[in-house]
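Novice: Given the coordinates of chain A, assemble chains B, C and D onto it according to the supplied hints.
Chain by chain, the residues:
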Amino acid sequence: MSMNREWTPNIVAFCCNWCSYAGADLAGSGRMNYPANVKIIRIPCSCRLNPMFILRAFQRGADGVILCGCHPGDCHYSTGNYYARRRMTVLFSLLDYMGIERGRTRVEWVSAAEGAKFAATMNDFVKTVTELGENKKLGDLRCKK
Amino acid sequence: MIVNRLQELLQDDENLQFVGWEKGETPFDRTPKTFTAETLGNLCYDSFCGSNLSKYLLSQKTDKKTVVLLKPCDSYSFNQLCTERRLNRDAYHVIGVGCKGKIDGEKIRKTGIKGILSVREEGETLKIETLYGTTEIPRKDVLLDKCLACKGKEHKCADEVLGESEDTCVGDKYETVAKLEAMTPDERFAFWREELSKCIRCNACRNACPACSCIKCVFDNPNSGVQNKAAADDFEENLFHIIRAYHVAGRCTDCGECSRVCPQGIPLHLLNRKIIRDVNEFYGDYQAGDAIGQRHPLTDFTFEDSEPNAERKGGGK
Amino acid sequence: MMKKLPLEQLPAFLKGISETKTLVAPVEKGGQVNFDLWTEDSTLRLDVLKTVKSAKGAFFPQVEDIVHFQMQGKNIDIHPAEVLTEDFVLFGVRACDARSFELLDRVFLSDPTDPFYAARRAHGTVVTLACNRPEETCFCTNFGIDGADPAGDLSAWMTEDTLYFQANTEKGAALVAGLADCDDGEITETQNSIREILNKLPLSNLNLTGFEGDHLKERFDDPRWEELSRGCLGCGTCTFVCPTCQCYDVKDFDSGNGIRRFRCWDSCMFSDFTLMAHGTNRPTQKERFRQRFMHKLVYFPSNNDGIYSCVGCGRCLEKCPQSNHIVNVIKTLGVKEDA
Amino acid sequence: MHDNIIPMLGVVTDIRTDTPDIKTFRVEGVNGGKCFEHMPGQCAMLSVPGVGEAMFSITSSPTVKDYQEFSIKKCGCVTEWLHHMDVGQQITIRGPYGRPFPVDDALLGKDLLFIAGGVGLAPLHSVINYVLDNRSKYGKVDIVYGSRSKEDLLDLPEIQSVWADPASDMKVHLTIDREQEGWDGHVGFVPNFVKELDFHPDRTVLVCGPPIMIKFVLEALTSLGFEKTQVYTTMELRMKCGVGKCGRCNIGDKYVCKDGPVFRFDELDELPAEY
Chain A
1 MSMNREWTPN IVAFCCNWCS YAGADLAGSG RMNYPANVKI IRIPCSCRLN PMFILRAFQR
61 GADGVILCGC HPGDCHYSTG NYYARRRMTV LFSLLDYMGI ERGRTRVEWV SAAEGAKFAA
121 TMNDFVKTVT ELGENKKLGD LRCKK
Chain B
146 MIVNRLQELL QDDENLQFVG WEKGETPFDR TPKTFTAETL GNLCYDSFCG SNLSKYLLSQ
206 KTDKKTVVLL KPCDSYSFNQ LCTERRLNRD AYHVIGVGCK GKIDGEKIRK TGIKGILSVR
266 EEGETLKIET LYGTTEIPRK DVLLDKCLAC KGKEHKCADE VLGESEDTCV GDKYETVAKL
326 EAMTPDERFA FWREELSKCI RCNACRNACP ACSCIKCVFD NPNSGVQNKA AADDFEENLF
386 HIIRAYHVAG RCTDCGECSR VCPQGIPLHL LNRKIIRDVN EFYGDYQAGD AIGQRHPLTD
446 FTFEDSEPNA ERKGGGK
Chain C
463 MMKKLPLEQL PAFLKGISET KTLVAPVEKG GQVNFDLWTE DSTLRLDVLK TVKSAKGAFF
523 PQVEDIVHFQ MQGKNIDIHP AEVLTEDFVL FGVRACDARS FELLDRVFLS DPTDPFYAAR
583 RAHGTVVTLA CNRPEETCFC TNFGIDGADP AGDLSAWMTE DTLYFQANTE KGAALVAGLA
643 DCDDGEITET QNSIREILNK LPLSNLNLTG FEGDHLKERF DDPRWEELSR GCLGCGTCTF
703 VCPTCQCYDV KDFDSGNGIR RFRCWDSCMF SDFTLMAHGT NRPTQKERFR QRFMHKLVYF
763 PSNNDGIYSC VGCGRCLEKC PQSNHIVNVI KTLGVKEDA
Chain D
802 MHDNIIPMLG VVTDIRTDTP DIKTFRVEGV NGGKCFEHMP GQCAMLSVPG VGEAMFSITS
862 SPTVKDYQEF SIKKCGCVTE WLHHMDVGQQ ITIRGPYGRP FPVDDALLGK DLLFIAGGVG
922 LAPLHSVINY VLDNRSKYGK VDIVYGSRSK EDLLDLPEIQ SVWADPASDM KVHLTIDREQ
982 EGWDGHVGFV PNFVKELDFH PDRTVLVCGP PIMIKFVLEA LTSLGFEKTQ VYTTMELRMK
1042 CGVGKCGRCN IGDKYVCKDG PVFRFDELDE LPAEY
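Protein chains in written order, with the working numbering: chain A, 1 to 145; chain B, 146 to 462; chain C, 463 to 801; chain D, 802 to 1076.
Treat the hints with care, as some may be off.
[To be verified] In silico PhoX-like links for lysine-lysine, alpha-carbon gap of 20 Å or less: (1) B:255 / B:272; (2) B:245 / B:168; (3) C:679 / D:866; (4) D:941 / D:972; (5) D:824 / C:536; (6) D:824 / D:874; (7) B:168 / C:536; (8) B:245 / B:343; (9) C:748 / B:206; (10) B:361 / C:748; (11) C:491 / B:343; (12) D:911 / D:941; (13) B:343 / B:255; (14) B:259 / C:662; (15) B:252 / C:662; (16) D:911 / D:824; (17) C:477 / C:465; (18) B:318 / B:285; (19) C:491 / B:255.
FYI, nobody ran anything at the bench for these hints, they're computed from the structure.
Just so you know, these numbers come straight off a predicted model, no measurement behind them.
The following block holds chain A by itself, in its conformation from the complex:
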């Protein structure tokens, strides 16, 4: 690995199967640009996101984690994203309290039709995380190359 290669953040995006994953698909088929360092993980619903998943992502080298789900009111399972909204609010606040910058975690509601929003969201998130720099706080030293 070249030493002077510019650092780019690793982003893990957890996407709800019903809306945001399709939104990401649309962004792709519409040839909208968003950075290649966003790794998408599909989950059945935004409320499937176990806090352990987020921490594991950080452990294995993610610099930012974003959750994308259906807009409130549009959940395929009626209410999943309402629960997710509360859970993530509390979790992200706790992570911030422990010193993990607020900008590294985010929740966005992206519908299947919002390919452009997906791309814009990712561009913006990558920009925020790039400014924050490398995640040195929640990473696992053993996983560093």
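Specialist: Okay, now just chains B, C and D, sitting in the frame of chain A:
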């Protein structure tokens, strides 16, 4: 006085069992115990009975009607466990016992008093006899941390109340939380790193916690990839404590057992208290264990809930 | 010949050691005193008798890698972890912890020798310190340990203004070679005052009859284990602060760039300790609780010339969240002499 | 000097599917040949890095010169992984661990009776073949082996063609738990079968199988007049280090990995009943 009342109860039903504390070897040893009619004489309740008996009830057989002694703060945990259907309210006769704050043996030792043979309460003073002579210390200086954040003298669940209680709360219990919130992320991180790096992974905080009542914890599942007994990396320590605190979000009654039992004195309650403060702020005031059957904020929602991304300094106001 | 060092020169003495060797001593961090790396900025706490964790970690760390693997297709590369090759000094160990090393030796240095432990033992110099102010939770005297005369490579006694040293091995003598000689009698007074307190300790006369190996099954089948274990939370506090608990677990961690196999302290109090694919042979806390104390008081002596695997340091008495500790067990199950 | 806890490399050179949930793996050193010498009844730690390490009894006889075999039932993480791998896979191996059956000592010249149930044949397999290769040193040999069904009988081809061959001078008694089409042998549980076969109590017995089977076999043997000092079994507990240090397999003052896994029943009687 308490034992007399328990003896009376025995006259109505000689099959009762009693859950209380027993005196141990050192002046501070108070072991949770289940007593029968024969052993009831050993039951003891005094200023050193700081441990919360609610969690202890989970490990006891309930083939007999159980009389349990609960301090005001313990009654919250009892309610919460009843709410979660881990305890059956009808199986217990709850005696609310008066509490004027419990004494922390560790704090006495930390003041440098060594070789403690006995501790006597005289009003607001503790007379301490040691191997190296006698000494005194004000009672209020060595109360358990959880008593300094007392939730009040009211028993939230009791069939009868014996003795007087006192609210021992000093100042604002969110003071330290607010102080941390005012720091920069890097300072906060440094604070928690220093504290959590002391963790020896004994799991006492989890095992003592009345809200941690899962029969099998995710940290005991080798297939979860969690190194539950090895602080093999800083990350593992952070992971454990974040998940531990977050898993009891909305259910934590702020009973303070986690910090009391920590052998390394990590202020774990500061994590839980942060969550309680957030939940109160975002979703309205809520006290877990206030009453049996409450629905806690994280298993509930409204259509108008705030968005997670809102910028909050230190995750707070 | 004894050596002495004015107490105000202690920091310089320690600095001298730390310049050539790693120096581990009881230092305060985050309000807790533990054996940790000493540097000039450390807060040395020789007044604290009981560090939270015992000194065993210097020879048997809580976590250590034993082997690394690289996987490539169907092939595996095995890279054993390096054993310690540098000398270190463990300063300020009390008599109880010093004895615990002898007990650990019986486990790790018995055939087959544990290479990691053996290397640390070979490279470590243990400097002990007499216990000026024994505490109420101390019960080391029951196990023939004398807090006024600690073992180790180099024994030390501290008075108001002076530190006295007595070397027991060549390794120990090397550390204090440059110090002034003094008369053996200078510590007699300190020793006497320590012994006076030791005799007054409330737990100094525990009755250990009935815990010999030939009573094994009798002790095991004692119905009182049920009652004793009731309050046990099943946490590992007692095990992890204990100087003689030596059970460990071996685990693999896949870091994404190789697999690290490490071992870490384990506790027989944990529910997964003996868990197998088909279940566990110690299904309730009663069996796990019993295992810990049977091992310390019956099984270990039965295999080791009657030596108990407890040194009476009293850490578990102070730290058990439920005050449910080894002294309770000894007092409850020990054979009572008929009055 | 690392050998006791650092594993060496082994290659799986053959995988045989014996029953629906048991496979037998042949393991050789990377340069061919055995990884180490062993005695019947001893165990080895096999591991798949990243998955875990587990103790298995060595199924092949020490008289096999070129390799070692392990018959492994699928029941946990490691075994699951082993069952899914292909020939040529490297694994790690260390051993041998434990006390073997006293084949060159107490068993010499004795009339032997082997009793096995299910995968419990694996550790006895090693002894039986060792006895077969040194046939003149031992007296009469009977093998009682039972399983849930015909398909679950381990090593059936070898049993029928080698052990039951008159040239081997051993008697094989097979049984399955329930009636099954295509099975004309004995049907019934092993302990009852042992009683029906009415062995003379001068035999030395080696038994291995599920704990419940061992319990009833022991009762059956006692009713036939056997003493506990004549019966050997091999135990299994959770093990990690294999050298009597990690404390996991400790029962009473014994460590199964070091003082066992082979125990005589009168020795087990002196241990607390915690296995």
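Novice: For the pair supplied as a hint, residue 255 of chain B and residue 272 of chain B, is the alpha-carbon distance within the 20 Å limit?
Specialist: 16 Å, holds
Novice: Check whether the Cα positions of residue 477 of chain C and residue 465 of chain C lie no farther apart than 20 Å.
Specialist: 18 Å, holds
Novice: Can the restraint linking residue 343 of chain B and residue 255 of chain B be considered satisfied, given a maximum Cα separation of 20 Å?
Specialist: 17 Å, holds
Novice: Given the hint that residue 245 of chain B pairs with residue 343 of chain B, does the C-alpha gap stay at or below 20 Å?
Specialist: Violated, because 31 Å separates the two Cα atoms, which is more than 20 Å.
Novice: Checking one constraint from the list: CA of residue 361 of chain B to CA of residue 748 of chain C, max 20 Å. Satisfied?
Specialist: OK: residue 361 of chain B and residue 748 of chain C at ~17 Å, within 20 Å.
Novice: Hint check: residue 259 of chain B vs residue 662 of chain C, CA-CA at most 20 Å. Holds or violated?
Specialist: Measuring from Cα to Cα gives roughly 14 Å; hence the hint holds.
Novice: Does the structure keep residue 679 of chain C and residue 866 of chain D at a Cα separation of 20 Å or less?
Specialist: Not satisfied, since the Cα-Cα distance of roughly 44 Å exceeds 20 Å.
Novice: Is it true that the CA of residue 941 of chain D sits at most 20 Å from the CA of residue 972 of chain D?
Specialist: 9 Å, holds
Novice: Is the hinted pair residue 491 of chain C and residue 343 of chain B satisfied, with a Cα-Cα distance of at most 20 Å?
Specialist: 8 Å, holds
Novice: Just to be careful, I want the Cα atoms of residue 168 of chain B and residue 536 of chain C compared with a cutoff of 20 Å; is the pair within it?
Specialist: With Cα atoms ~61 Å apart, residue 168 of chain B and residue 536 of chain C exceed 20 Å; violated.
Novice: Check the hint pairing residue 911 of chain D with residue 941 of chain D against an upper bound of 20 Å on the C-alpha distance.
Specialist: 7 Å, holds
Novice: Would you check the hint for residue 824 of chain D and residue 536 of chain C, treating anything up to 20 Å between C-alpha atoms as holding?
Specialist: Measuring from Cα to Cα gives roughly 19 Å; hence the hint holds.
Going down the numbered hints, you'll see the structure goes against 3, 7, 8, 15 and 16, while the others check out.
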